[in-house]
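Protein sequence lines correspond, in order, to chains P and W. Going by the working numbering, 111 is the number at position 97 of the first sequence; the sequence numbering is gapless. Going by the working numbering, 104 is the number at position 43 of the second sequence; the sequence numbering is gapless.
Simulated from the structure, these hints should not be mistaken for laboratory data. The beta-carbon is built from N, C-alpha and C at its ideal position, and this holds for glycine as well. Warning: the hint list may mix true and false statements.
Said to hold, decoys possible - With a straight-line Cα cutoff of 30 Å, these simulated DSS-like cross-link-like pairs (lysine-lysine) come out:
1. P:K91 with W:K64
2. P:K63 with W:K116
3. W:K132 with W:K116
4. W:K64 with P:K72
5. W:K131 with W:K74
6. W:K116 with W:K64
7. P:K63 with W:K74
8. W:K64 with P:K63
9. P:K63 with W:K118
10. W:K74 with W:K118
To be verified - Selected chain P positions facing chain W (Cβ under 8 Å, derived; list incomplete):
11. F48
12. G57
13. F60
14. K63
15. Q85
16. K91
17. F104
18. N113
19. L115
20. F117
21. G120
Claimed, not checked - Derived DEER-like restraints, expressed as beta-carbon distance ranges:
22. W:I138 with P:V97: 16 to 24 Å
23. P:S40 with W:R75: 34 to 42 Å
24. P:N113 with W:D99: 20 to 28 Å
25. P:Y75 with W:S156: 22 to 30 Å
26. P:S40 with W:E83: 48 to 56 Å
27. W:S143 with P:Q16: 42 to 50 Å
28. P:S94 with W:D112: 42 to 50 Å
29. W:E78 with P:P93: 44 to 52 Å
30. W:T76 with P:S42: 34 to 42 Å
31. P:T86 with W:T144: 31 to 39 Å
32. P:K72 with W:Y111: 25 to 33 Å
33. P:T124 with W:S128: 37 to 45 Å
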Amino acid sequence: AQSVAQPEDQVNVAEGNPLTVKCTYSVSGNPYLFWYVQYPNRGLQFLLKYITGDNLVKGSYGFEAEFNKSQTSFHLKKPSALVSDSALYFCAVRPTGANNLFFGTGTRLTVIP
Amino acid sequence: DVKVTQSSRYLVKRTGEKVFLECVQDMDHENMFWYRQDPGLGLRLIYFSYDVKMKEKGDIPEGYSVSREKKERFSLILESASTNQTSMYLCASSSPSGGVYNEQFFGPGTRLTVL
Chain P
15 AQSVAQPEDQ VNVAEGNPLT VKCTYSVSGN PYLFWYVQYP NRGLQFLLKY
65 ITGDNLVKGS YGFEAEFNKS QTSFHLKKPS ALVSDSALYF CAVRPTGANN
115 LFFGTGTRLT VIP
Chain W
62 DVKVTQSSRY LVKRTGEKVF LECVQDMDHE NMFWYRQDPG LGLRLIYFSY
112 DVKMKEKGDI PEGYSVSREK KERFSLILES ASTNQTSMYL CASSSPSGGV
162 YNEQFFGPGT RLTVL
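Based on the provided sequences and hints, a complete structural model is requested.
Structure representation (structure tokens):
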């Protein structure tokens, strides 16, 4: 069965510190991987994706993510957190040949001033 | 920029009512999706559509139906609303290009409360 896990419901980090939001997946084949962010009372916004190629993917707002095939992980990172990064983050995966996304349960990031 | 709009931001309905949630996208995308978002459960796919008049069930289609009469519009229908359908409903669209599936673009969501 296809699944995406975000093991942390909540991540707190001090402003200026590096942040990591974790994601692991279990799908068949070579998946496409995505990160989305949701600000309060808003829809989801696309941050970045991994399709193929370089394992380190750079996206919007200074975020990046590293695809690790052996660990089946796609952790979201940012070198220096901003208070405005506080939001709900979703990891999603599209298995090979599928047309829909499977989402994780979300991680709420709080950046403390 | 892609724009996905949903007909209502907030909706309150009574048990047993028929409810229509409308979604419109302006980028000529082939694919459209309906999700519901619940705390601790993330996003769960209800239905999606590849093209006009085509639909596919997602993970949780029970109690819902959809309609896609025009390419830009995808409607979610609750035939007889129940309290367990109280949720945030998110519509999304995407367009496959060159064989690589692009990201989905989401609308702002409709928070539905069924009393």
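Evaluation of the provided hints:
1. P:K91 with W:K64: 27 Å, holds
2. P:K63 with W:K116: 26 Å, holds
3. W:K132 with W:K116: Satisfied, since the Cα-Cα distance of roughly 12 Å is no more than 30 Å.
4. W:K64 with P:K72: 23 Å, holds
5. W:K131 with W:K74: Cα-Cα ~26 Å, so holds.
6. W:K116 with W:K64: OK: K116 of chain W and K64 of chain W at ~22 Å, within 30 Å.
7. P:K63 with W:K74: 37 Å, violated
8. W:K64 with P:K63: Holds. K64 of chain W to K63 of chain P sits at ~20 Å (cutoff 30 Å).
9. P:K63 with W:K118: 25 Å, holds
10. W:K74 with W:K118: 24 Å, holds
11. F48: Holds, about 6 Å.
12. G57: Given a least distance of 4 Å, the restraint on G57 of chain P holds.
13. F60: 4 Å, holds
14. K63: Nearest chain W Cβ about 6 Å off; hint holds.
15. Q85: 21 Å, violated
16. K91: 19 Å, violated
17. F104: 6 Å, holds
18. N113: Status holds, d = 7 Å.
19. L115: 7 Å, holds
20. F117: 4 Å, holds
21. G120: 5 Å, holds
22. W:I138 with P:V97: 16 to 24 Å: At 41 Å between Cβs, range violated.
23. P:S40 with W:R75: 34 to 42 Å: 41 Å, holds
24. P:N113 with W:D99: 20 to 28 Å: 23 Å, holds
25. P:Y75 with W:S156: 22 to 30 Å: Once the Cβ atoms are compared, 23 Å apart, the range 22 to 30 Å for S156 of chain W and Y75 of chain P holds.
26. P:S40 with W:E83: 48 to 56 Å: Given about 35 Å between the Cβ atoms, the range is violated.
27. W:S143 with P:Q16: 42 to 50 Å: Since S143 of chain W and Q16 of chain P have Cβ atoms about 28 Å apart, the given range 42 to 50 Å is violated.
28. P:S94 with W:D112: 42 to 50 Å: Cβ of S94 of chain P to Cβ of D112 of chain W: about 44 Å, so the range 42 to 50 Å holds.
29. W:E78 with P:P93: 44 to 52 Å: With a Cβ separation near 50 Å, E78 of chain W and P93 of chain P satisfy 44 to 52 Å, so the hint holds.
30. W:T76 with P:S42: 34 to 42 Å: 40 Å, holds
31. P:T86 with W:T144: 31 to 39 Å: Distance hint for T86 of chain P, T144 of chain W holds at roughly 38 Å.
32. P:K72 with W:Y111: 25 to 33 Å: 31 Å, holds
33. P:T124 with W:S128: 37 to 45 Å: At roughly 40 Å between Cβ atoms, S128 of chain W and T124 of chain P fall inside 37 to 45 Å, so the hint holds.
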